[in-house]
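Chemist: Residues per chain are reported as follows:
There are 2 protein chains.
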Amino acid sequence: MIEQSVAQVMTPSVRTVAPETTACAVARLFAEHDIGSAVVVDPETKELLGIVTESGIMKQVAAGADIGTVQVKTFLSQPLISVPSTEEIHRAAALMKEHSIQRLPVIDDGELTGMLTTSDLTDYIPRLRNTIRRNQHQAAKGSP
Amino acid sequence: MIEQSVAQVMTPSVRTVAPETTACAVARLFAEHDIGSAVVVDPETKELLGIVTESGIMKQVAAGADIGTVQVKTFLSQPLISVPSTEEIHRAAALMKEHSIQRLPVIDDGELTGMLTTSDLTDYIPRLRNTIRRNQHQAAKGSP
Numbered sequence: 001m002i003e004q005s006v007a008q009v010m011t012p013s014v015r016t017v018a019p020e021t022t023a024c025a026v027a028r029l030f031a032e033h034d035i036g037s038a039v040v041v042d043p044e045t046k047e048l049l050g051i052v053t054e055s056g057i058m059k060q061v062a063a064g065a066d067i068g069t070v071q072v073k074t075f076l077s078q079p080l081i082s083v084p085s086t087e088e089i090h091r092a093a094a095l096m097k098e099h100s101i102q103r104l105p106v107i108d109d110g111e112l113t114g115m116l117t118t119s120d121l122t123d124y125i126p127r128l129r130n131t132i133r134r135n136q137h138q139a140a141k142g143s144p
Numbered sequence: 001m002i003e004q005s006v007a008q009v010m011t012p013s014v015r016t017v018a019p020e021t022t023a024c025a026v027a028r029l030f031a032e033h034d035i036g037s038a039v040v041v042d043p044e045t046k047e048l049l050g051i052v053t054e055s056g057i058m059k060q061v062a063a064g065a066d067i068g069t070v071q072v073k074t075f076l077s078q079p080l081i082s083v084p085s086t087e088e089i090h091r092a093a094a095l096m097k098e099h100s101i102q103r104l105p106v107i108d109d110g111e112l113t114g115m116l117t118t119s120d121l122t123d124y125i126p127r128l129r130n131t132i133r134r135n136q137h138q139a140a141k142g143s144p
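Here the protein sequences come in this chain order: L and X.
Heads up: the first sequence runs through residues 1 to 144, numbered per our numbering.
Heads up: the second sequence runs through residues 1 to 144, numbered per our numbering.
Check before you lean on any hint, since a few could be wrong.
You can't tell identical chains apart in this list, so a pair holds if it fits in one copy or across any two.
No more than 20 Å apart at the CA atoms, straight line, and that leaves these computed lysine to any residue pairs for SDA-like [claimed, not checked]:
id : residue 1 : residue 2
1  : Lys-73    : Ala-62
2  : Lys-97    : Asn-130
3  : Lys-97    : Ala-31
4  : Lys-73    : Ala-18
5  : Lys-59    : Arg-28
6  : Lys-97    : Thr-11
7  : Lys-59    : Thr-69
8  : Lys-59    : Thr-21
9  : Lys-59    : Ala-31
10 : Lys-97    : His-33
11 : Lys-46    : Val-14
No lab work stands behind these hints, which were simulated from the structure alone.
Please model the entire structure based on the sequences and the hints provided.
Modeler: Below you can see the structure in the form of structure tokens.
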């Protein structure tokens, strides 16, 4: 029960943007959909180029960049660290800690299938705890 | 072992800013310290007024606000949702889910003592899983 996979907790929709999108346009996309990241995709080759996050845009604001013109290709995060949807949740969590990241694109057979965020994992903690309590309760009763 | 408290996983340092701080200055603070939020405190009364986050600044960027002059008091998140450091982790996680937030200031006896983020909780998952595995192993061996 504790060895659940990323597929069970990830957000199954992911926004993608072209590398020429401006920081301001990405900020509007984030605000509109209440998200904190998007995967940067080459519109022609469909290659996954990297990820653009709130923190990335924040650093542009901090550096005094012109938010209305600076394009995501100049500040996207690379390489794209990702997991397959079959990955165990605790391994994905360890990967995020290792790289100090808050979002993991989920890629299956080269196809972007979801996004795993620290919020998804936080939502998972009460469920995990309930499962453990139930198991403890069953073990105490002597059921299999 | 699974009923651990917020004190064991929170980040014990919290940045505070005055309500007159500009969005740009906060963005610089975030970039400099690699953080995503700060608590807004009245410098005279020491009252905790709210929280300013990356998402809050992102929404200002999206709305085309002048980042160099707009002050955090105009867009901080209120009311300040917080937990004491003695709160159980799964309850804090449930509270974050309930309010769709990623940061929880930790307040003990009116004093700001830390910040709990979804990243702190993500870091906790592999530890939680190891504890469970160890308990299962001990149970299988028949130790107490």
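Chemist: Now look at each hint and say whether the structure bears it out.
Modeler: Taking the hints in turn, this is what the structure says about them:
1. Taking the shortest alpha-carbon separations for Lys-73 and Ala-62, both the intra-copy value of 18 Å and the inter-copy value of 19 Å come in at or below 20 Å.
2. For the homomeric pair Lys-97 and Asn-130, the shortest alpha-carbon distance between copies (15 Å) is at most 20 Å, but the shortest distance inside one copy (24 Å) is not.
3. Taking identical chains as interchangeable, the C-alpha atoms of Lys-97 and Ala-31 lie at most 20 Å apart only when they sit on different chains, with a minimum of 18 Å there against 26 Å within one chain.
4. Proximity of Lys-73 to Ala-18 under the C-alpha cut-off of 20 Å is restricted to the intra-copy arrangement: shortest distance 8 Å within a copy versus 34 Å between copies.
5. In this homomeric assembly, Lys-59 and Arg-28 come within 20 Å of each other (Cα to Cα) both inside a single copy, at 16 Å, and across copies, at 7 Å.
6. For a Cα distance limit of 20 Å, the shortest separation of Lys-97 from Thr-11 qualifies both inside one copy, at 19 Å, and across copies, at 14 Å.
7. For a Cα distance limit of 20 Å, the shortest separation of Lys-59 from Thr-69 qualifies both inside one copy, at 15 Å, and across copies, at 17 Å.
8. Taking the closest pair of Cα atoms, Lys-59 and Thr-21 come within 20 Å of each other both inside a single copy (17 Å) and across two copies (17 Å).
9. Taking identical chains as interchangeable, the C-alpha atoms of Lys-59 and Ala-31 lie at most 20 Å apart whether they share a chain (17 Å) or sit on different chains (6 Å).
10. Only between protomers do Lys-97 and His-33 lie at most 20 Å apart by alpha-carbon distance; the minimum there is 17 Å, versus 26 Å within a single protomer.
11. In this assembly of identical chains, Lys-46 and Val-14 lie within 20 Å of each other by CA distance solely inside one copy; the values are 14 Å within and 41 Å between copies.
Checked against the numbered hints above, the structure breaks none of them.
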